[in-house]
Structure formats: structure tokens, C-alpha cells
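Residue numbers (the working numbering), protein chains in the order written: chain A, 1 to 497; chain B, 1001 to 1179; chain C, 2001 to 2362.
Misleading hints may appear alongside valid ones.
Unchecked claim - Anything over 12 Å on all C-beta distances counts as not near chain A; from chain C, calculated: (1) 2007; (2) 2010; (3) 2081; (4) 2114; (5) 2264.
Stated by the list, open to error - Label pairs and their computed distance ranges (CB to CB): (6) B:1055 / A:7: 52 to 58 Å; (7) B:1164 / A:442: 18 to 24 Å; (8) B:1087 / C:2351: 26 to 32 Å; (9) A:11 / C:2351: 29 to 35 Å; (10) A:51 / B:1165: 23 to 29 Å; (11) B:1028 / A:442: 22 to 28 Å; (12) A:442 / B:1087: 19 to 25 Å; (13) A:2 / C:2068: 58 to 64 Å.
No wet-lab data here; the hints were simulated from the structure.
Here the structure is a predicted model, which is why all the values come from computation and not from measurement.
We put the beta carbon where it would ideally sit given N, CA and C, even for glycine.
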Amino acid sequence: MKLFRIRGGVHPEGRKRLSEDQPIEELPLPELLHVPLQQHIGAPAVAIVSKGDKVKKGQVIATAQGNISAPVHAPSSGTVVGLGRYAAPHPSGLPGRTITIRTDGLEEWAELPAALDAFTADPKDIAKRVSESGVVGMGGATFPSSVKLNLGQRYDLHTLIINGAECEPYLTCDDRLMRECANDITKGVRIMARALNVKRTIIAIEDNKPSAIRGMSQAASAYDDVTIIEVPARYPMGSEKHLTQTLLGLETPARGLTADIGAVVHNVATAFAVFEAVTKGIPLISRIVTVSGEAITRPSNLRVLIGTPVAKLIEHVGAYSSEPERLLLGGPMMGQPLMDLKVPLVKGTNGVLALAGLQAATQVTTTSCIRCASCVDACPCGLVPLDMAAAIRKEEMEMATKSGLMDCVGCGSCAYVCPSNIPLVQYFNYAKGRITAVQRTEHKQKETKRLADQRTERMERQAAAKREAMEKRKAEQAQKKAAQQAAQHQEQEKVSA
Amino acid sequence: MISAISSLALLGLALGIMLGYAAKYLKVEAGALVQEIEAMLPGSQCGQCGYPGCGPAAEAVANAKAAVTLCPPGGRALAQSLAAKLGVSADLSDMEDQVPQVAFVNEQLCIGCTKCFKRCPTDALIGANRQIHVVIKDACTGCGKCVDICPTESIQMRDVPLTLENWYWPKPDALQLAS
Amino acid sequence: MSTPPPLIGGPFLKQSPSVSHIMLVVMLALTPATLYGLFQFGLPALYLFLVTIAASLLAEGLWLKLAGRPALPALGDGSAILTGWLLALTLPPWAPWWIGVIGAFIAIIIGKQIFGGLGQNLFNPAMVARVVLLISFPFHMTYFIHPVPLFQQGAPGPLESLAVTFGYGVGPAIDTLSSASVLGHVKTEIDRGTAWADAFATTFDMHGLVFGAVPGSLGETSAPLLLLGGLLLLGARLITWHIPLSMLGMIAALAALFNAIDPLAYPDALTHLLSGATVLGAFFIATDLVTSPVSATGKIVFGAGCGALVYIIRTWGGYPEGMAFAVLLMNAATPLIDRYTKPRVYGRTRRGTPLVHEEASK
Chain A
1 MKLFRIRGGV HPEGRKRLSE DQPIEELPLP ELLHVPLQQH IGAPAVAIVS KGDKVKKGQV
61 IATAQGNISA PVHAPSSGTV VGLGRYAAPH PSGLPGRTIT IRTDGLEEWA ELPAALDAFT
121 ADPKDIAKRV SESGVVGMGG ATFPSSVKLN LGQRYDLHTL IINGAECEPY LTCDDRLMRE
181 CANDITKGVR IMARALNVKR TIIAIEDNKP SAIRGMSQAA SAYDDVTIIE VPARYPMGSE
241 KHLTQTLLGL ETPARGLTAD IGAVVHNVAT AFAVFEAVTK GIPLISRIVT VSGEAITRPS
301 NLRVLIGTPV AKLIEHVGAY SSEPERLLLG GPMMGQPLMD LKVPLVKGTN GVLALAGLQA
361 ATQVTTTSCI RCASCVDACP CGLVPLDMAA AIRKEEMEMA TKSGLMDCVG CGSCAYVCPS
421 NIPLVQYFNY AKGRITAVQR TEHKQKETKR LADQRTERME RQAAAKREAM EKRKAEQAQK
481 KAAQQAAQHQ EQEKVSA
Chain B
1001 MISAISSLAL LGLALGIMLG YAAKYLKVEA GALVQEIEAM LPGSQCGQCG YPGCGPAAEA
1061 VANAKAAVTL CPPGGRALAQ SLAAKLGVSA DLSDMEDQVP QVAFVNEQLC IGCTKCFKRC
1121 PTDALIGANR QIHVVIKDAC TGCGKCVDIC PTESIQMRDV PLTLENWYWP KPDALQLAS
Chain C
2001 MSTPPPLIGG PFLKQSPSVS HIMLVVMLAL TPATLYGLFQ FGLPALYLFL VTIAASLLAE
2061 GLWLKLAGRP ALPALGDGSA ILTGWLLALT LPPWAPWWIG VIGAFIAIII GKQIFGGLGQ
2121 NLFNPAMVAR VVLLISFPFH MTYFIHPVPL FQQGAPGPLE SLAVTFGYGV GPAIDTLSSA
2181 SVLGHVKTEI DRGTAWADAF ATTFDMHGLV FGAVPGSLGE TSAPLLLLGG LLLLGARLIT
2241 WHIPLSMLGM IAALAALFNA IDPLAYPDAL THLLSGATVL GAFFIATDLV TSPVSATGKI
2301 VFGAGCGALV YIIRTWGGYP EGMAFAVLLM NAATPLIDRY TKPRVYGRTR RGTPLVHEEA
2361 SK
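When you get a sec, could you build the whole thing from the sequences and use the hints?
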């Protein structure tokens, strides 16, 4: 199949050799599981259990709130010992609402929904089952997958693209999943294709994963409508927009969806989760995570229950072999700094990294921009990062937005290549957050203004009503007086007559 | 030489006449500007700027009697938009990003006198006679009028807490070299 | 971890080149041609070269001290040395020391620091200095000599060279070596009505032009070595092919065009490409990162503009060599070029509106 080129992009050293040959290991059951209610994009789930409740493995413990949301299930059987604030796996270190379960070691399953035959069921029912199982995008975006599966009803879709690129260095969880569970993934892929009603499916795998390509090709060989395509290993090949461009040669319209060009993209791990949910009724309660980095004793790929504290993973792989310079959740390009080892693992965590020996990442001194345009060459979205960053430094957010800030996908290629160590993508993330905060404040101001106006109006109405009432009373009194006077007059006349 | 003098004089005269017409016929109505500025202000009449309300404050800003940085609840964003509207450059270095604050009623001290909610410009306080009053956080603009009037000092201003919903990345300035 | 690092997001990996690394590679690329030029023009040229670079460092250090900024990081990044180096390459090799010093001070202070330092200047600092020198000291700046390679008979020894550079540079022994540069000679002859090829053949030959045995500034000598340096820069991905190719292409195209129209009055493309500061300018001067456009299209426009201006000034302008003026004029146009040649954003048309696909929603 003819592939198209993406603009820019960078080629960081993969460093996947550290863990790519480590088969998936089961992490032993931890004592406590901290399950956050917000592990997905959209409204947080609402807890339906309370402290002291006994829960079974796979039982729903929080329901979805609204259309863009996902339910949360108990990853193991045990007792709910806490429902409140707990450190969230978030760079801010702020707490989030979390259900804490003390496991009883029995791993007793709840009653799971019956297996659904994807090829006779209604596509809407497939999406419903995926929704009820709490499946979200497992490449890191954590968008509720059922919403994406329902896009087939609103858009004319022709291709399902399965993202097996895994372009971030160090991460090998998708690679191992494809090597070890190729058949299940392929079945999950076909289920999704049915739900979306697409004619063909492409599974894209970067060329640095030859074993995965072989395994998946074998699994897919039985089906005509599923093709495995090898894509060049280039960061950010795994970005939905750029993968679609490489495979179909079409660009997602700005501010639009990939569905606008007739395609939907899902991660391979999501496909696996869909397979488990539809054919076995198993909700999303575990995932594969790569624990890697130069400072880790034994880099591995672990199957971990959602809610397991990160400290347990690091402990299991022999902890640190040297003092780590950086602890990250996710990949080294777009991952987040890990603030506290007690934070739980969530549905979107694909890696825990302890990096050391970084030549330049620890060099935090920034020098002036020399307009070398390396960032312009590296940007896969065709933006001019040096101009945007200069505007943001002066807090000229409007200028930055006009230069294309909202089209930035945040891949970090610009900051990666900058010879002056300017924190380009970090400026953009700050600016996006600031613009949202300002919009929130403006919205609040408009609302409070409305309230203030309403109140003034109400006061005036009350005052006017009061005045009217007073006038009425005055008039009544005057009438009464006049009537009294008239009556008095009459009496006087009677007497005198 | 005569031609030089007369041509420049004519030019000056012509341009002067044009300017005169422009001053008369292209004049921007001051009233419209005041109204536009008033629309941009929060409108809660809190008085923190020193003027008796948002209307007089808008007039002062329009006539350049007050700086664009006069409104604390509006913050930096408002100062920037006012500066843009008036076409002036504003020195925003003094404006710290004030953390937004909302009122909070200490239920132990509240006596239910109803003085505060009658004063609140956005009706953010609920209460009735002899009943404990409470603040609706979303409607509170942090103007502080309730704090002033409460006879038992049971209302405090508290910072709006940072949560996962309103947190955003800090500006990466700390890394800059001093060059 | 001892102290927690400041809260910052990814990426946590970095590609290696830093700013000093870039400067070093450029200097490496210039070295072969510089060494050859120094060899051709002897010790006076070496002294001038060293004086110019030393003066650049001095100028930058003085400025930073006056401005109250820490001197070491800025001095250490190599940009001052590179500016001085490029300036020295465009000076007449036996010019007196004060030409180098004044030039260095102008380049660093007026060309770079008053704009705000590295990355903020609008014009190429070395070219600013060269133009100021050219206009202020036309005699010294157009006093070229025949190359007298080191160790050859007639080459001035170390003490004599000191007299050349630190004395007044001009003297009876030197006068016999003085000569106009290739372009200067050809231009004068053409103005006098001689066919350019004859004018060229009487004094120079193509071999000399290619291998640098001709009068001119240090950087005008060996086109092959400069080309080698340019290819090194391209290979190290420090510059892209857009500016050199469009500039050289434009010069060649215009030269070929006019040569075809009147073969006698207009030198052909190869002569233009090999003489003067063409190769130096195309690879090292016009490609200066700070003062050239950032997008690929912008670079092509910039390069073509430089090439056209070089040709126009050489052929019809008052000066035989147009590189410095051409580059400065195009530098002035760079912000405009940047504004109108922004790359197309993903998902949008060139005008900025979102793309529309036929397969819209049902």
C-alpha cells in the first residue's frame, strides 16, 4: 500500500531494547487499590458504593455521568475502605476523588454480562457493551471508546485504523501485547469494525517492531478486510492525525474529527479491551504497563490492575539500579512528571520510566533563540514554534492563537530539537491552559453580570410594586375618607332636616 | 523661493482644513465608548476600584482619569482588553494575578440577621430571617460587601481552591538564563 | 533525587546540538578555505585575521560588562569569534590592523548587541561592518594585492609582515604587489569598452580563479574548499539547501541570460560563480540563521533575491562586488518574507481556513 509522508517529526533513539524482549508478567495482587473516578476525558464517574461495602472483581463501583464519560469497575474483590481525596496521577500533585479498596486476595468475580456475538448483534449494542465495560482509549488519550464506536451512525466511515505505532521511546507495552495476544487483538479489531460499519481495517505498526508485525500479520491473514501495514518509525507517527495522513494521504480538517475524512483510529490495547468486554464480559480492570529506564534494575512489561500504586510496580522490578534523574508516567516525549510514588495506575498509563544519564534533559539553562528554524522543520503540523513562543513570553495570547496555537498537538518535537533549550511546547501547554482559564473567568463575569442585572431588575420591580401598593392604599383610604365624609354629610342633613 | 513658500503654505492650509473637518465629522462619540467599557467591566458594583460603581468607573477610564488596571476582580485579562480598546499601552507589571476569592459563611457564628444577602449584588447568598446563610460559590464575585456588613464577622473571604479542573501548567520562565 | 526539578512538562529527551556546537561546526567548515587563504596571502593576513577575532571578543566582553550581564556564557558560545572570522574573510588581506578592529567593534556592537544580543539582530553583523568600512575607508578596503604564498620568494617575513599590518600597510615594496580584484578589474575594463573575456584573459586565468591565486579578500580565494565547507554544513543539517541553491542558481541564470544577449559585455555564469565572494556568500553569509527567513519557501525567495541583487550590483551598480549590499538589503526584507511565506498548517488551506472534505457527515 502506498504510504504518504508526514512533515517534520524527529527521530529520537528508541531505547526499546531495554524492555522489548521481556514477556508480559503478572504483577502480584497489591494490598490496596486506589481507583480514581476520573480516568478518562469527560465528566468524572459517580461512585455508587460507600465505605464498608464489599465489592467483587469487575463490579461497577461508579457509573458514567453524561454522554462523554465512562464507568469504573472494581479491579479485584475486597472491601471499600475509603471514598475521598487521594493523590491523582497528575503533574500538579493535586488530589482527586478516589475509591480505595482493600483486597481480600480471593479475586472473586462479580456476575459478568453474557458474551455478545459481535457478528449478529446490533452495532449499537456493541457500543453499549463497550461503554458499560468502561473501555477508554488506552494509548493515553482515554477518550471513551463507545463514543468513537458510535461515530459510524453520524459519519460516512470507510476505514478503521488500529494504532500499533507506539512511537514514544522506551515504551514496549503495545509491542508485547501484539506479540503475545495477536489473535485476540485481531478479533477485537473485527468487532470494532462491525460496530463502526467500515469496509476495511488497517493495523499500522512501526517498522521497529518486526516480531509484532509478523505475529499480527499471521493473525490477520485469515481475514480479507484486515491489513497490516508497516509504517516508518518516526515520532510522532502514533499521533492520530499524522498516522491517518501517512496511511490515507488525507489531513483531518482543523478543529474537526478524523471521522470527517471517513476514518476512526483506535489503539491496539483498546481493541484487546473491546475483545475482552464483548466476548467475555470482562470490564477494563487491568492493562499492560512498561516499567523501564536506565535507572530501573529490571525493565519489564507488567500486567497491572487499575489502581495499583506505582511504588508497587517499581518494587516488583527490583527498584532503582541508580539514582533516577527523572521519574515519568508515560513516554519521555509527552509523558508527565511523576510527583509521588503512591499515585495509582489508571486506564491511560502506558509507562513508568526512571531515566538516568540524560545528557541534555538535565541541562536546564535556556539561551536566546537564534532563529535557526529547526523547530519549524521539526513541527509535524506546519506551525512556526519560535514565533508562537515569542508571543506567549510577552503574554500576547491572541497573537499566539492567530499563529496557530490551537492546531498544536503538543508532541514536543520542537522542544526536542531546539539548540537553545527553549521550552517551546511547554510554553504552548501553558498558553492553552491560560486561555482556557481566562475564558472561564470571562464566562463567570458574564454570568455574574447577568445575576447582578437580574437582581437590580428584581429590586426595581419590588420597589415599583411597593409604590403601586402604596398608591392603591392611598386611593382606597381617600375613597374611604370621602365615603365617610359623604355619610357624615348625609347624617347632618337628616338631622337638620 | 516664492513658489516654495506658497506651495508649503497651501499644503499646510489644505491639511489643516482636512484635520478640522475630521475633528468635526469623524469624531468618536464619547458616550459610546463609556458604554462599551462599562459592558466590559464585571458589573457587580463592588467598589474596589474606588468609584461608586462600574458606571462611574467606566467614565473615568474612558476619560483617562483612571488607569486601565483599576479593576481587581477583572484582573490582568481585563486590563489588557481595556488597554487594547483604548489603544494605550498599559504597565501591567504591578498587577499580580490575584487568586480569585469567594465568600464563606462560618455557620457557628452566623445569627441569621439577613443583612448580608440583601447587600449581595449577584444574589449569591441564600438565607432567611433566623436561618443560617450560605454562599453559592459559583455566583460569588468576591467583592467583599457581605464581609463588611456582617455584625458577627462570620463571613470570610477564602481563596478559590486549585483543583484538577482549574489547574494549568505554570509559565516556564524559571528556566530562563539571565541574558 | 536530591532537589526536585522545577515543574515542567516533556519532552525529557533532547537532540544534542547546542548553540556553541553550531558555531563550532561552522568554524570547522570555514577552516580549509581560511587556511588556504592565509597560506596564499601570508603572515600579514594571519595577523589581520587574529587581530579581528581578538577585537570581536574584546568588543563583546566590553559590551556585556557595560550592560551588567555575565560575560562568560555569552562569550563562550562562539558567536563573537564566528562574526570576527567571517568579517576577516571579507577584508583585504593586507589591510591595516585598525580596519580589523573598527570592523569588529561595529559588527559586534552595532551589528548585534544594540539589537539585544544573539538572535535579535536584523542585519548580518559581519556585512554591516564590511559595508561601513567600505564606505568610510574606500582606499584601504579596495587595496588588494597579488597573492604571495608563504615560503615563496618575495613573501614578507614575520617582522616585515608586522610592519605591513601594524604600520600603515602601504609602502613601496607593497605597491608592486597591489592589484585590483578580479571583479574590479573586469568591471573597469568593461566600462572602458573591452570585451570581458579579453580583460579576464590578460590578467587571470580560470585555474587561478578556482584555486585562489587571484587578488581578492581572504574568503574569495578557493571556491572548491569553500564548497566543501558548505557541503559539510549541509551534511550536518545546520543549513538547508534552499538558500545556496536559489542564490547560486539565480546568479548563474542571470549571468547566462545576459551573456547570451551580449557575450562580449557580460561575463558568463561560471566566472560569476567562481569570482568574488559568491560561494562564501551563498553558503556562509546569506545562510546566517538569525537574519534569514524560517520557512523553506521564504528561504528560496531570500536566496533568489540575494542572487539577483548581487548580479545587478556587480553589473550595473557602482561597486564591483555586491555581496554585502545584497545580503543587507534582503535581510531588511526578511520579516516581510517571513510574514508572507508561513508554512501551511496541518488541516488548513494556505489561507488558514479549515480543509473541507467531500466525505462530510451524513
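Checked hints:
Some Cβ of chain A comes within 12 Å of the Cβ of residue 2007 (chain C); the nearest lies about 7 Å off, and the non-interface call is violated. With a least CB separation of 5 Å from chain A, residue 2010 (chain C) falls inside the 12 Å interface cut-off, contrary to its annotation. With a least beta-carbon separation of about 15 Å from chain A, residue 2081 (chain C) lies farther than 12 Å from that chain, consistent with its non-interface assignment. Residue placement check: residue 2114 (chain C) keeps its beta carbon more than 12 Å from all beta carbons of chain A (closest about 15 Å).
No Cβ of chain A comes within 12 Å of the Cβ of residue 2264 (chain C); the nearest lies about 43 Å off, and the non-interface call holds. At roughly 53 Å, the beta carbons of residue 1055 (chain B) and residue 7 (chain A) sit within the given window of 52 to 58 Å. Checking the proposed 18 to 24 Å range against residue 1164 (chain B) and residue 442 (chain A) shows it holds: the Cβ atoms sit about 21 Å from each other. Evaluation of the 26 to 32 Å hint for residue 1087 (chain B) and residue 2351 (chain C) yields a pass: the beta carbon distance comes to about 28 Å.
Roughly 32 Å separates the CB atoms of residue 11 (chain A) and residue 2351 (chain C), a value that falls within the hinted 29 to 35 Å. A C-beta distance of roughly 24 Å is found between residue 51 (chain A) and residue 1165 (chain B), which places it inside the suggested range of 23 to 29 Å. A hinted range of 22 to 28 Å holds for the C-beta pair residue 1028 (chain B) and residue 442 (chain A), which are about 25 Å apart. Separated by about 21 Å at the C-beta atoms, residue 442 (chain A) and residue 1087 (chain B) satisfy the suggested range of 19 to 25 Å.
Between residue 2 (chain A) and residue 2068 (chain C) the CB atoms are about 60 Å apart, so this pair conforms to the stated range of 58 to 64 Å.
Hint check: violations occur at hints 1 and 2; the rest are consistent with the structure.
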